[in-house]
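**Student:** Letter by letter, the chains look like this.
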Amino acid sequence: MSVKIYVPRDSAALAVGADEVAQAIEQQATARGIAIDLVRNSSRGLLWLEPLVEVAVGGQRLAYGPVTPEAVESLFEAGFLTGKTHPLAVGPIEAHPYLKNQERLTFVRAGITDPLSLEDYQAHEGFAGLRAALALSPADIVQQILDSGLRGRGGAGFPAGIKWKTVLQTNADQKYVVVNADEGDSGTFADRMVMEGDPFMLIEGMIIAGIAVGATRGYVYIRSEYPDAIFVMEEAVRRATTGGFLGKNILGSGKAFHIVIRKAAGSYVCGEETALLESLEGKRGIVRAKPPLPAIVGLFGKPTVINNVLTLAAAPYILSHGPKVYADFGMGRSRGTLPFQLAGNIRHGGLVEKAFGVTARQLIEDFGGGTESGRPLRAVQIGGPLGAYLPDSLLDTPMDYEALAAKGGVLGHGGLVVFDDTVDMAEQARYAMEFCAIESCGKCTPCRIGSTRGEEVIQHIQAKPAEAGAHAKLLRDLCSTMVNGSLCAMGSMTPYPVLSALDHFPEDFNLTAETHKAA
Amino acid sequence: MNSMTAREAQAVEAALSRFQDEQGALLPLLHAVQDTLGYIPKQATPTIASAFNLSRAEVHGVITYYHHFRQTEPAQHKLALCQAEACQARGCRSLTEKAEAALGCNLGEHTKDNRWELEPVYCLGLCASGPAMELDGKLYARVTPERLESLIRKKELS
Amino acid sequence: MDNNYPLHDIDYGTPKSVSEKTVTLEIDGFEVTVPQGTSLMRAAVVAGTQIPKLCATDSLEPFGSCRLCLVEIEGRKGFPASCTTPAEAGMVVRTQTPHLAELRRGVMELYISDHPLDCLTCAANGDCELQDMAGVVGLRDVRYGYQGLNHLKDQADTSNPYFTYDPSKCIVCNRCVRACEETQGTFALTISGRGFESRVSASESQPFMDSECVSCGACVNVCPTATLMEKTVIEAGQPDHSVLTTCAYCGVGCGFKADMKGSEVVRMTPWKDGKANEGHACIKGRFAWGYATHKDRILKPMIRKHITDPWQEVSWETAINHAASEFRRIQAESGVDSIGGITSSRCTNEESYLVQKLVRAAFRNNNVDTCARVCHSPTGYGLGQTYGTSAGTQTFKSVEKPTSS
Chain A
39 MSVKIYVPRD
49 SAALAVGADE
59 VAQAIEQQAT
69 ARGIAIDLVR
79 NSSRGLLWLE
89 PLVEVAVGGQ
99 RLAYGPVTPE
109 AVESLFEAGF
119 LTGKTHPLAV
129 GPIEAHPYLK
139 NQERLTFVRA
149 GITDPLSLED
159 YQAHEGFAGL
169 RAALALSPAD
179 IVQQILDSGL
189 RGRGGAGFPA
199 GIKWKTVLQT
209 NADQKYVVVN
219 ADEGDSGTFA
229 DRMVMEGDPF
239 MLIEGMIIAG
249 IAVGATRGYV
259 YIRSEYPDAI
269 FVMEEAVRRA
279 TTGGFLGKNI
289 LGSGKAFHIV
299 IRKAAGSYVC
309 GEETALLESL
319 EGKRGIVRAK
329 PPLPAIVGLF
339 GKPTVINNVL
349 TLAAAPYILS
359 HGPKVYADFG
369 MGRSRGTLPF
379 QLAGNIRHGG
389 LVEKAFGVTA
399 RQLIEDFGGG
409 TESGRPLRAV
419 QIGGPLGAYL
429 PDSLLDTPMD
439 YEALAAKGGV
449 LGHGGLVVFD
459 DTVDMAEQAR
469 YAMEFCAIES
479 CGKCTPCRIG
489 STRGEEVIQH
499 IQAKPAEAGA
509 HAKLLRDLCS
519 TMVNGSLCAM
529 GSMTPYPVLS
539 ALDHFPEDFN
549 LTAETHKAA
Chain B
271 MNSMTAREAQ
281 AVEAALSRFQ
291 DEQGALLPLL
301 HAVQDTLGYI
311 PKQATPTIAS
321 AFNLSRAEVH
331 GVITYYHHFR
341 QTEPAQHKLA
351 LCQAEACQAR
361 GCRSLTEKAE
371 AALGCNLGEH
381 TKDNRWELEP
391 VYCLGLCASG
401 PAMELDGKLY
411 ARVTPERLES
421 LIRKKELS
Chain C
54 MDNNYPLHDI
64 DYGTPKSVSE
74 KTVTLEIDGF
84 EVTVPQGTSL
94 MRAAVVAGTQ
104 IPKLCATDSL
114 EPFGSCRLCL
124 VEIEGRKGFP
134 ASCTTPAEAG
144 MVVRTQTPHL
154 AELRRGVMEL
164 YISDHPLDCL
174 TCAANGDCEL
184 QDMAGVVGLR
194 DVRYGYQGLN
204 HLKDQADTSN
214 PYFTYDPSKC
224 IVCNRCVRAC
234 EETQGTFALT
244 ISGRGFESRV
254 SASESQPFMD
264 SECVSCGACV
274 NVCPTATLME
284 KTVIEAGQPD
294 HSVLTTCAYC
304 GVGCGFKADM
314 KGSEVVRMTP
324 WKDGKANEGH
334 ACIKGRFAWG
344 YATHKDRILK
354 PMIRKHITDP
364 WQEVSWETAI
374 NHAASEFRRI
384 QAESGVDSIG
394 GITSSRCTNE
404 ESYLVQKLVR
414 AAFRNNNVDT
424 CARVCHSPTG
434 YGLGQTYGTS
444 AGTQTFKSVE
454 KPTSS
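Protein chains in written order, with my numbering: chain A, 39 to 557; chain B, 271 to 428; chain C, 54 to 458.
Warning: the hint list may mix true and false statements.
Stated by the list, open to error - Listed next, with one range per pair, are the computed distances between beta-carbon atoms:
#1 A:Gly339 / C:Leu60: 35 to 45 angstroms
#2 A:Asn287 / C:Arg426: 55 to 65 angstroms
#3 B:Thr275 / C:Asp62: 49 to 59 angstroms
#4 C:Thr432 / B:Thr381: 50 to 60 angstroms
Claimed, not checked - Simulated pairs of lysine-lysine, BS3-like, Cα-Cα distance not exceeding 27 angstroms:
#5 B:Lys425 / B:Lys348
#6 A:Lys340 / A:Lys328
#7 A:Lys340 / A:Lys286
#8 A:Lys445 / C:Lys69
#9 C:Lys454 / A:Lys340
#10 A:Lys445 / A:Lys340
#11 B:Lys348 / B:Lys312
#12 C:Lys325 / C:Lys284
#13 A:Lys122 / A:Lys138
#14 A:Lys340 / C:Lys74
#15 C:Lys325 / A:Lys340
#16 C:Lys69 / C:Lys325
#17 A:Lys328 / C:Lys284
#18 C:Lys74 / A:Lys328
#19 A:Lys445 / A:Lys511
#20 A:Lys203 / C:Lys130
#21 C:Lys130 / A:Lys511
#22 B:Lys408 / B:Lys348
#23 B:Lys382 / B:Lys312
#24 B:Lys312 / C:Lys353
#25 C:Lys450 / C:Lys328
#26 C:Lys69 / A:Lys328
#27 A:Lys502 / A:Lys555
#28 C:Lys450 / C:Lys337
#29 C:Lys328 / C:Lys314
#30 B:Lys424 / B:Lys382
#31 C:Lys358 / C:Lys348
#32 B:Lys348 / B:Lys424
#33 C:Lys206 / C:Lys325
#34 B:Lys368 / B:Lys312
#35 C:Lys450 / C:Lys74
#36 C:Lys348 / C:Lys284
#37 B:Lys312 / A:Lys321
No lab work stands behind these hints: they were computed from the structure. All figures in this text were calculated on a predicted structure; none of them were measured in a lab. Positions of the beta carbon are idealized from the N, C-alpha and C atoms, including for glycine.
Extracted from the complex, chain A is given alone in its bound form (with noise of 0.2 angstroms):
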């Protein structure tokens, strides 16, 4: 029997030599006459081990990593395939305790099957909850999507079950599933990496939103600098047509459903949903004025569900183990799990799927090790790009929407991004204001010119330390239009890490202890 051998396809692997680590491990083991199996799995999320290389030993993973494909024929000549030690050696993968403390619901295949296998999907309780939701009516559907109190990953944090309960009372002729996948925070990935290593479960969540507002079209707007998500997903929707579980008569239950893979096209903006749905249209990516929702006009003017990407991937768990299972999971309004992902300057940098109530300081010590540069951390920024900075001593914060709201913080999409004591505060302010002006859709004034301005006035601060008290005060009153008059979160939520730089870190601006009060 051969032996396999799993090396990851998702692209933090691919982006540092996976493709080239399978060839080599083909090339040694045909060199060597050796009969192996390679699978191109997905990634467990322990980023810093990629490529991480696994060998399935007497019924269990065994890992290497991070392997190059230098490293390979010393593998072989160490017996990896039979589980031999070597200096690359893990060990049991499974039992690491990365993965060993995690909660995972959504990322609960990640690493493990084959992202493309219908048949290895279905292995891993694939299609459980699509099929729990087929004998089901719509309304007890979104029942179960209400009790699990699942909120949107997106950011934003709006109860999934209300959105799907006003899409289904609303009456149309056509209604859509649309995922917003164009996920653009930086220190952000769990959707790249579920389009990557489970593109199944999100068609699936994607089917039973469908089935339960009585949409029969989705659209997965998938932001363009993920080629490799575009491609899996693609092929996904392609074989999961094939098989049966999309189309005009999924499983034989006489319900349609059809998927369209959309690229995006540059556009940090298009991750809000109404500026999405623009971009669907074949508009320019402006934000639309809400009222009216959605939910009730939407996508060509239908009543729409619009839902991030790890929002969808939650249904079938949560439909195959029942919402009390999920709902279980978490603290206060903030129910089941998010998966966390530590990036940045951290050790043990990767993904991260716990209940909302773990520390910001549990994640970035316990899982991610500290800094790399093993320099003190002086700031985290949490939730994307426009996520305060919370200094160390805010680090205690249990990570649940309300509680680091209190503490002017912002979840997000669940990404934290940690920065050693050589980071200049006021340069990452200066930053945050650039990239909204970079980003900005130019549609409200406060973001369209306030980011520009922004800019400017934090340049001014950074070069003229005796003008820093009066330009910071500047700085807030602007940061003060931007956050109470934009139209959109770019607009209003940039003033989150410039603030909050400035609250936490007065000095990096020039400020001394008068001049910042003075501001």
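On the provided structure of chain A, position chains B and C as indicated by the hints.
**Tutor:** Then chains B and C, alone, in the frame of chain A:
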């Protein structure tokens, strides 16, 4: 008005035949044209507009809104360096300086001989393994200055 | 002058709601009842107050971009835009609070940081909503200075013979773009680029004359600044009064305001309450009114006996008697069918009716036609197919809400 070259016209025609009848498919159409040619010819705007029953203004508004779309021919090699926070925390600023020095052009510009263009990109989703970059369509992570220089050299020789 | 009309109409900010259901709410302590679907902005005007605004105007759907019209609603978070928020029963709305004042000043400060400070010599001086709003919100200082990134050096496009486009004065409110879509339906305008680089663009960022623009002037009409400006106003200055009139170009009967300076027309603007045009116009009525004072314009009746004779100015009575006697003479010499009448497509239905009456009753034949049958045949065909008759006798309102009788 200048007309499209035969190659351009063919690319636009092929893309139109794929997407003309799909609802709201202006973006997929523009992608298809750009994927084939490397850019969207300015002269294609009237053709696209009339096929989609749009005005030229509408098509122009869309093309100029999205930073991914371009109306000029790309350089021979495209290096896109991530400039976002997670990569900043992992040294993308100094890597960018290295790239600018190695190529002799600034971020957002192309070299005089148009062999290289150096573009910023805002997140490639490789935030735990930065600095990340895309070179001629292929992703690279944990890029050190040495690795960057050797990759550039390899392209120069090819 | 009987037809004297206010130079500036009341702008309700958003279009009227036609709902028969009403809602009652409180705005700034006053109770007001409005049709369901009415925006808070419009309800405020009904209640007797004006909420500051720049991107809203009542001929266009609300857009929500300028962020001056923000209000506070009891029990709601944040500051919703009054243009895009529908009035609901029982709402308690405040349009003026210290926080709102600060916010609006903050927004205006941003606008003015990218706007020339040449109000005194600006063609829109006295008719500029940006200037008005700076006054309304009490803007006293632009702390950003004027050294930052700006569009002050953008060059004006004067290619169109009737109006100029000066991007240096543009506040990107999108009113022009929306007017081209919603009012005119030509879609000749868009915004090119995005963010701070957003610019109004005619077709492919071209001069207006090379673009798809048909010079209807709807964009100029809604522009709140001097960005899109009639050349006649740039030359002559602002009008001092306005006279209501009907366009003389065709039989549609568009209502117009002739904006006057003394007895001279400075511009013709389509009248909002015109039943046949509802505030819209075509290039002819809007801009091509030079004939009004042209030296070749005929002001008195003239007759001549023979085509080779010079024209003679005569009284109306002489002219009519001459025409009548000539008709009679020709009929006596050549028969009843030897004369007839053709009405111009510029004639109103009433005028065409009178001509056919003249032909049938006085000429005693059926030799009558209208040139509209040829040159407006597509219009006639469309109307015939849609409404069963080719006679366009309806107002817009009656088409929007047809009743069968």
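**Student:** Does each hint hold? Answer for all of them.
**Tutor:** Here is how each hint holds up against the structure:
Here the CB-CB span from Gly339 of chain A to Leu60 of chain C is close to 39 angstroms, well matched to the stated 35 to 45 angstroms. Take Asn287 of chain A and Arg426 of chain C: their Cβ atoms lie about 56 angstroms apart, and the range 55 to 65 angstroms holds. For the hinted restraint 49 to 59 angstroms between Thr275 of chain B and Asp62 of chain C, the CB-CB distance of approximately 53 angstroms keeps it satisfied. Taken as a hint, the range 50 to 60 angstroms holds for the pair Thr432 of chain C and Thr381 of chain B, whose Cβ atoms sit roughly 59 angstroms apart.
Taking the CA atoms of Lys425 of chain B and Lys348 of chain B, the gap is about 10 angstroms. The hint holds against a cut of 27 angstroms. Between Lys340 of chain A and Lys328 of chain A, the direct Cα distance comes to roughly 15 angstroms. Compliance with the 27 angstroms bound is thereby established for this hinted pair. This hinted pair checks out: Lys340 of chain A and Lys286 of chain A have alpha carbons roughly 20 angstroms apart, not beyond 27 angstroms. Taken as a hint, the Lys445 of chain A and Lys69 of chain C pair is broken in the structure, with Cα atoms around 44 angstroms apart against an allowance of 27 angstroms.
Distance check on the hinted pair: Lys454 of chain C and Lys340 of chain A sit about 24 angstroms apart at the alpha-carbon level, within 27 angstroms; holds. Restraint check: the Cα-Cα separation between Lys445 of chain A and Lys340 of chain A comes to about 38 angstroms, which exceeds 27 angstroms; the hinted pair is violated. Our distance criterion of 27 angstroms between C-alpha atoms is met by Lys348 of chain B and Lys312 of chain B, whose separation comes to about 21 angstroms. Proposed proximity of Lys325 of chain C and Lys284 of chain C is supported: the alpha carbons are some 22 angstroms apart, at most 27 angstroms.
With a C-alpha separation of about 22 angstroms, the suggested pair Lys122 of chain A and Lys138 of chain A falls inside the 27 angstroms cut-off, and the hint holds. Between Lys340 of chain A and Lys74 of chain C the alpha-carbon distance is near 24 angstroms, which keeps this suggested pair within the 27 angstroms criterion. With a CA separation close to 32 angstroms, the supplied pair Lys325 of chain C and Lys340 of chain A exceeds the 27 angstroms bound. Distance restraint check for Lys69 of chain C and Lys325 of chain C: the Cα-Cα separation of roughly 12 angstroms lies within the 27 angstroms cut-off, and the hinted pair is therefore satisfied.
For the hint pairing Lys328 of chain A with Lys284 of chain C, the CA-to-CA distance comes to about 38 angstroms; that exceeds 27 angstroms, so the pair is violated. Simply put, Lys74 of chain C and Lys328 of chain A have alpha-carbon atoms about 22 angstroms apart, close enough for the 27 angstroms limit, and the pair holds. Between Lys445 of chain A and Lys511 of chain A the alpha-carbon distance is near 22 angstroms, which keeps this suggested pair within the 27 angstroms criterion. Only pairs whose Cα atoms come within 27 angstroms are accepted, and Lys203 of chain A paired with Lys130 of chain C is accepted, the gap being roughly 23 angstroms.
Between the alpha carbons of Lys130 of chain C and Lys511 of chain A the distance comes to roughly 25 angstroms, so the proposed pair stays at or under 27 angstroms and holds. Using a Cα cut-off of 27 angstroms, the hinted pair Lys408 of chain B and Lys348 of chain B holds, with the two alpha carbons roughly 10 angstroms apart. Restraint check: the Cα-Cα separation between Lys382 of chain B and Lys312 of chain B comes to about 22 angstroms, which is no more than 27 angstroms; the hinted pair holds. Taking the CA atoms of Lys312 of chain B and Lys353 of chain C, the gap is about 55 angstroms. The hint is violated against a cut of 27 angstroms.
Between Lys450 of chain C and Lys328 of chain C the CA atoms are separated by roughly 8 angstroms; this keeps the pair inside 27 angstroms, and the hint holds. Restraint check: the Cα-Cα separation between Lys69 of chain C and Lys328 of chain A comes to about 19 angstroms, which is no more than 27 angstroms; the hinted pair holds. Pair hint Lys502 of chain A plus Lys555 of chain A holds up; C-alpha atoms about 18 angstroms apart against a cutoff of 27 angstroms. This hinted pair checks out: Lys450 of chain C and Lys337 of chain C have alpha carbons roughly 23 angstroms apart, not beyond 27 angstroms.
Our distance criterion of 27 angstroms between C-alpha atoms is met by Lys328 of chain C and Lys314 of chain C, whose separation comes to about 26 angstroms. In summary, the hint linking Lys424 of chain B to Lys382 of chain B is supported, as the alpha carbons are separated by about 20 angstroms, within the 27 angstroms threshold. Annotation: proposed proximity of Lys358 of chain C to Lys348 of chain C holds, straight-line Cα distance about 24 angstroms (limit 27 angstroms). For the hint pairing Lys348 of chain B with Lys424 of chain B, the CA-to-CA distance comes to about 14 angstroms; that is within 27 angstroms, so the pair holds.
Note on Lys206 of chain C and Lys325 of chain C: the hinted pairing is violated, with a Cα-Cα distance of about 35 angstroms set against a maximum of 27 angstroms. At most 27 angstroms may separate the alpha-carbon atoms for a hinted pair to count; Lys368 of chain B and Lys312 of chain B exceed this at roughly 34 angstroms. A C-alpha spacing of about 19 angstroms is found between Lys450 of chain C and Lys74 of chain C, which places the hinted pair at or below 27 angstroms, so the restraint holds. Only pairs whose Cα atoms come within 27 angstroms are accepted, and Lys348 of chain C paired with Lys284 of chain C is accepted, the gap being roughly 21 angstroms.
Taking the CA atoms of Lys312 of chain B and Lys321 of chain A, the gap is near 18 angstroms; set against the 27 angstroms cutoff, the hint holds.
Going down the numbered hints, you'll see the structure goes against 8, 10, 15, 17, 24, 33 and 34, while the others check out.
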